[in-house]
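K.L.:
In case you want the letters, here they are:
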Amino acid sequence: MSAEPFGEMLRRSFAVLEREAPAHLTALGVALGAAAVDFSVDGDRVRVAVGAGARPGVGTIGDSPPAVRVFSSRAAILGLIDGQHGLAGAVREGVLDLSGRPDEIARFLDALVIYLHGAVRCPGMPAILARWRDLGGPHV
Amino acid sequence: MTPALLLARGGHLRGLGAGDPARRSKEWLHVAVHGPTAEIVLNLNVFEDGDPWLPPGVPVGRTLWLAAVDGAVRGDVHRGARVEAKEGHLSLAIDGDAITLADGALRVRAARPGFAVDLRLVPAVRPALAPRIPFDTADRVQWFLVPRLHATGTATIDGVVHAFADSPAYHDHNWGRFAWGADFAWEWGYLLPEAPEEPVCLVFARLLDRRQHRVRSAGCFVWWGADNVRSFQDAEVGFAPTGRFTGPLPPVPGVMGLISPDRRADVPARLQVTAAGSGDAVSVDFTPARGGRILIPDESDPFGVTALHEVFGAGRADGETGGRRFSFAGRGAFECIRVG
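Residue numbers (the numbering used here), protein chains in the order written: chain A, 935 to 1074; chain B, 3 to 342.
Please note: incorrect hints may appear among the correct ones.
As the list claims (entries may be wrong) - Stretch-level coverage of chain A by chain B, calculated; a stretch enters the list once three of its residues show a Cβ under 8 Å from a Cβ in chain B:
1. 1037-1051
2. 1055-1061
Stated by the list, open to error - Which chain A residues face chain B? A few, computed with CB under 7 Å, are given here:
3. ALA957
4. ASP1016
5. GLY1017
6. GLY1020
7. LEU1030
What the hints assert, rightly or not - Beta-carbon label-pair distances, calculated as ranges:
8. A:GLY1020 / B:PRO304: 32 to 40 Å
9. B:ARG246 / A:GLN1018: 24 to 32 Å
10. A:LEU1043 / B:GLN214: 26 to 34 Å
11. A:ALA1064 / B:GLY12: 36 to 44 Å
12. A:GLN1018 / B:THR158: 50 to 58 Å
Don't read these hints as lab results, they were simulated from the structure.
Since we're looking at a predicted model, the values are computed, not measured.
Here a beta-carbon is modelled for each residue, glycine too, at the ideal position from N, C-alpha and C.
Build out the structure end to end from the sequences listed, making use of the hints.
P.N.:
Written out as structure tokens, the structure reads:
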């Protein structure tokens, strides 16, 4: 089984958040506000933004510029998840590249922490991560 | 009765039951082993998850491990899909990781990425029970402890096999109801003698409010030979932490470090515990050497984190109980809860 694209993993994780930690997803939407965040991870490009029903979701990158652009790789993101480096270290080492106005980057980091607070409380999240690690976690 | 028989009689699983609508029931088995080349902690815990998709009383399991090799500590938390908890027996298995009482010893097995153990822990002392410890206004937790065992077997850490032969080990078992993030914190530790012929070992603990402003209860428990010969309580016990531990405390699991990245250790560089009463006295001087920061999402606050700082170290204990004096050097651990 080959690794799935970052965007697919992110979509699945948002579905788990919606089901198992809906309050965190609501808080994530509030934190993002009107800001869109574009991710490019190993060439897979997706946008996170608040959509219908004020719920944040994962979609395709549109014509409008995002508030923040994130460039990274699967290896770097797994390194963050596994505690091999912190966010600041990843930025310093160049494996996580954030671009945008400082206040928008700060807003993105706040939103990221809210997402993580929800993710670590979701019983369904380890399977999402296992699948993305390509260790054959169960399909959901 | 032998230590093993008393362990079987008192150390069995109590089960979570289904009578708690708030779903705060928890139970865990904890072992720590101090070997010549590695120190390990394995904690198998079951709890009721707040997951509304699960019916009440269904246990969710977690394997938590820590390993210290050459001063470097790492660990992880695995949420298990298959829990086999034999209520009434001392036998708990989570996805194949297991702590089971068999043939008078604890069999401890686990296999996680980068970490595997296969150990036999023979109890050297009779257990003690600290009942109904008040965690919060309504929550009570029981603490069953067997602080001195002899561990034999292996731990394979990052592919390197570490052998244990009658190495000093510790075991305890807790069960009760509480929510992570509620108004409590604990500080707890033990000192086991380096010399196998040394008859004394010690456990010390105190329970505080979450901000550590008020001590709710304290205890210092002394074993001489196989018996818990002295239990100092509350006002008899004093904790004197000094300095600040400056070594690394890696987050466990690693992902929690993104939420709680503060690496300033709220762990003392040195801890002195004294206890005195009725002509008996104990003094413990413990120095943390290496450890990790186990980070647990709060149940009472959707954006809160509780940090269990778990450090291995060495120390000395001196004292007198029942007219007999003791003095020994030993190894042990200290754990303190802080707001993460």
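K.L.:
For every hint, state whether the structure bears it out.
P.N.:
Outcome of the hint check:
Requiring three or more residues with a Cβ within less than 8 Å of a Cβ of chain B, the coverage given for the segment 1037-1051 of chain A holds, as 5 such residues are present. Check result for the segment 1055-1061 of chain A against chain B: holds, 3 residues qualifying (beta carbon to beta carbon below 8 Å, three or more required). Annotation: ALA957 of chain A was flagged as interfacial toward chain B, and the flag holds, the nearest CB pair being 6 Å apart, inside 7 Å. Hint status for ASP1016 of chain A relative to chain B: holds, with the closest Cβ pair at about 4 Å, below 7 Å.
With its C-beta approaching chain B no nearer than about 2 Å, GLY1017 of chain A sits inside the 7 Å limit, and its interface hint holds. Among the interface hints, the one on GLY1020 of chain A holds; its C-beta lies about 5 Å from the nearest C-beta in chain B, closer than the 7 Å criterion. A least Cβ separation of about 11 Å between LEU1030 of chain A and chain B goes past the 7 Å threshold, and the interface hint is therefore violated. Between GLY1020 of chain A and PRO304 of chain B, the C-beta spacing of about 22 Å breaks the proposed range 32 to 40 Å.
With their beta carbons about 25 Å apart, ARG246 of chain B and GLN1018 of chain A fall inside the hinted range of 24 to 32 Å. Between LEU1043 of chain A and GLN214 of chain B the CB atoms are about 29 Å apart, so this pair conforms to the stated range of 26 to 34 Å. Roughly 38 Å separates the CB atoms of ALA1064 of chain A and GLY12 of chain B, a value that falls within the hinted 36 to 44 Å. Separation of GLN1018 of chain A from THR158 of chain B is about 21 Å and departs from the stated range, judged on CB atoms against 50 to 58 Å.
In summary, the numbered hints that this structure violates are 7, 8, 12.
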